[in-house]
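Chemist: The lines below spell out each chain.
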Amino acid sequence: MVSTNVTFAAAAHEPGDRSRAARRVRLVLIAFLVLAGSLSLTTGASGVSLPQVLVDIVAGRGMDARDRIILTEIRLPRLLMGGLVGAALAMSGALMQGLFRNPLADPGIVGVSAGAGLGAVGAIVLGGVVSPRLAAIAGPHLVSVSAFVFAWISVFALYGIATRAGRTSVATMLLAGIALAALSSALTGLLVFAADDAQLRDFTFWSMGSLSGATWAKLWAAGPLMVAALVVGPSVAKGLNALALGEAAALHLGIHVQRIKTATFLTVACACGAAVAVSGGIGFVGIVVPHLLRLITGPDHRFLLVNSAILGAALLILADVLCRVVIAPAELPIGIITAVLGGPFFLWILLRQRSVVDI
Amino acid sequence: MLSVENLSLSYGKRPVLHGINLHARPGTVTAIVGPNGSGKSTALKAMTGELPYHGRITLEGHDISRTSPPALAAIRAVLSQFTPLSFPFTVLEVVRLGQTQGAAFNCDRTAAQALQQVGLDGYQGRYFQELSGGEQQRVQLARVLCQVWQPVAKDGPRWLFLDEPVSSLDIGHQLQIMQVARDFADAGGGVVAVMHDLNLTAMFADRVALFCEGRIMGFGATSDVLSDTTLSDAYGYVISVGTVPKDGVFVLPQMARLTG
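Protein chains in written order, with this note's numbering: chain D, 1 to 359; chain L, 1 to 260.
Don't read these hints as lab results, they were simulated from the structure.
There could be a bad hint or two in this list.
Derived list of chain D stretches under chain L, where covered just means 3 residues or more per stretch with a C-beta under 8 Å from a C-beta of chain L [what the hints assert, rightly or not]:
id, region
1, 16–29
2, 100–112
3, 142–155
4, 235–248
5, 296–305
Have a look at the derived ranges for each label pair, beta carbon to beta carbon [to be verified]:
id, chain 1, residue 1, chain 2, residue 2, range
6, D, 169, L, 15, 20 to 30 Å
7, L, 175, D, 258, 33 to 43 Å
8, D, 235, L, 133, 26 to 36 Å
9, L, 122, D, 227, 37 to 47 Å
10, D, 231, L, 82, 31 to 41 Å
In this text, a Cβ means the ideal position worked out from N, Cα and C, and glycines have one as well.
Please put together the full structure from these sequences, using the hints given.
Modeler: Below you can see the structure in the form of structure tokens.
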């Protein structure tokens with residue numbers, strides 16, 4: 001892996017400066033994202049293909065009503081949702097790793113996933129008991145809302161526990177996160193124990209993740225939060241770079257350390273809470289994507305955060321395409337695809353670069 | 001001007017510093033010396049705004065406890081005893097972190113010159129974590145120099161706060177780094193350094209503050225503070241201070257406990 005880095009370093013105008021390489025990589029990633037998006041719009045169980053639609057429009061035949069519905073009501077919201085969720089998860093991973101100064105951190109560390117899981121199973125199992133009418137009407141939306149609310153509750157409980165006298169201890173957060181996640185998992189287990197077969201199946205599929213429920217309504221509900229997080233996230237880049245030298249050095253470099261921690265935390269809560277609520281448990285994106293980019297263009301968060309978002313979006317869109325075609329017309333849960341591809345790939349990276357400096 | 005008045009500080013209920021008073025002027029190197037645990041580094045951390053304290057500390061007229069991190073970062077840089085680094089940054093990237101607050105000078109040239117000053121010219125493309133401990137410490141010093149590149153800027157002098165800057169270096173690099181600090185002061189900047197090596201202190205410092213058990217035992221011109229009796233009292237061993245005609249003062253410890 002050294003050779004890759006050296007190549008990129010040498011391509012820049014000064015040794016050790018990888019900013020130019022990072023900018024080039026960003027352009028490549030944007031092209032990749034466009035490609036993935038096009039593929040997603042043109043792939044699916046029905047025979048609608050984008051080129052055919054474009055030819056029809058150009059030829060003045062207009063778009064077939066059925067094709068239009070498939071493209072605008074099914075594939076487009078799904079594409080946008082996939083892109084936003086992928087970007088949100090990948091950038092959140094990079095943010096958490098920067099905040100915890102640990103390449104293995106991911107949003108799961110602050111209890112987002114465990115909290116959301118508890119919320120989801122709670123809505124699935126107890127929704128009908130508490131209010132059968134609401135469960136009948138809101139159905140899947142109730143699961144999303146509940147997952148989001150519980151993700152936020154666990155995240156802010158953790159923040160409250162780790163913050164004393166206006167200062168947040170990252171180490172406390174890490175430890176308390178483990179405790180809270182264990183508690184959430186235990187409660188989830190309790191509800192799973194009480195669930196009937198259908199509920200169990202619903203929850204199992206939720207926890208494997210899927211974009212199949214993507215609608216414009218869901219997109220309008222969760223999208224703004226993710227977009228806001230993606231816009232705000234890069235503003236902490238300089239602070240996270242300085243934090244790589246430790247909190248004291250960051251302070252000496254002029255960083256408002258506590259503000260950076262709070263902003264990072266809020267951004268991750270928004271991005272991940274919304275992403276997990278609408279797509280369930282999608283693993284590996286938050287770890288693999290920033291890690292891969294760090295190997296290629298270095299850990300500078302000014303590039304890493306945005307590049308991670310773009311690559312995360314592209315990869316999740318592609319994974320979703322795979323879900324749709326592998327066993328068409330049925331669909332695989334997307335969490336399975338990201339884990340099946342992400343797991344071995346991550347191991348391969350670790351084995352290849354073992355000889356190089358610490359990741 | 002650095003002014004420390006009646007500085008007291010406790011870790012929990014354990015008092016560490018008791019009413020410290022000291023002053024330092026730009027254009028000078030002030031060394032803080034004393035036995036382990038005497039409160040040297042703690043005092044430095046208070047002066048740099050890292051720890052809350054009682055008393056009053058001002059730097060160039062700014063009250064440290066009321067000045068924002070960016071405003072402080074603009075006038076002083078700090079080198080800690082040990083600075084950890086997460087993630088594989090290159091040497092150049094680490095040095096450029098010194099310019100986090102976005103200084104108005106040429107980034108690339110400053111980083112290269114700072115590396116040259118600490119004897120690491122040509123190390124830009126190396127990974128920081130591949131370097132030896134001493135080299136890493138010098139890279140960190142280059143980063144710190146980058147932060148306050150001009151010893152005197154339009155709005156006043158800049159300050160370097162160094163916590164045992166040469167403790168992990170060989171003797172050649174110790175001299176080289178202390179000369180960098182000396183040059184910074186000679187060009188009009190202020191330097192405050194926690195030191196263990198009394199000979200280097202004798203060579204490079206203008207003034208010395210001798211700490212002992214959280215109090216100042218002696219503060220003044222280097223030749224006044226570094227005396228047989230004061231040093232022996234502070235460290236508990238017989239210490240002789242002598243002079244050589246050309247090179248000035250040297251400090252020689254002896255294997256004899258101070259008695260009485």
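Chemist: Look at each hint and say if it fits the structure.
Modeler: Verification of the hints:
1. 16–29: holds (count 3)
2. 100–112: Our answer is that it holds, as 3 residues pass the Cβ test (under 8 Å) against chain L, meeting three.
3. 142–155: Coverage by chain L is violated for the region 142–155 of chain D (0 residues, Cβ < 8 Å).
4. 235–248: holds (count 7)
5. 296–305: Satisfied; 3 residues make the cut.
6. D:169 / L:15: 20 to 30 Å: 24 Å, holds
7. L:175 / D:258: 33 to 43 Å: 40 Å, holds
8. D:235 / L:133: 26 to 36 Å: 35 Å, holds
9. L:122 / D:227: 37 to 47 Å: 45 Å, holds
10. D:231 / L:82: 31 to 41 Å: At 37 Å between Cβs, range holds.
Checked against the numbered hints given earlier, the structure breaks only hint 3 and satisfies all the rest.
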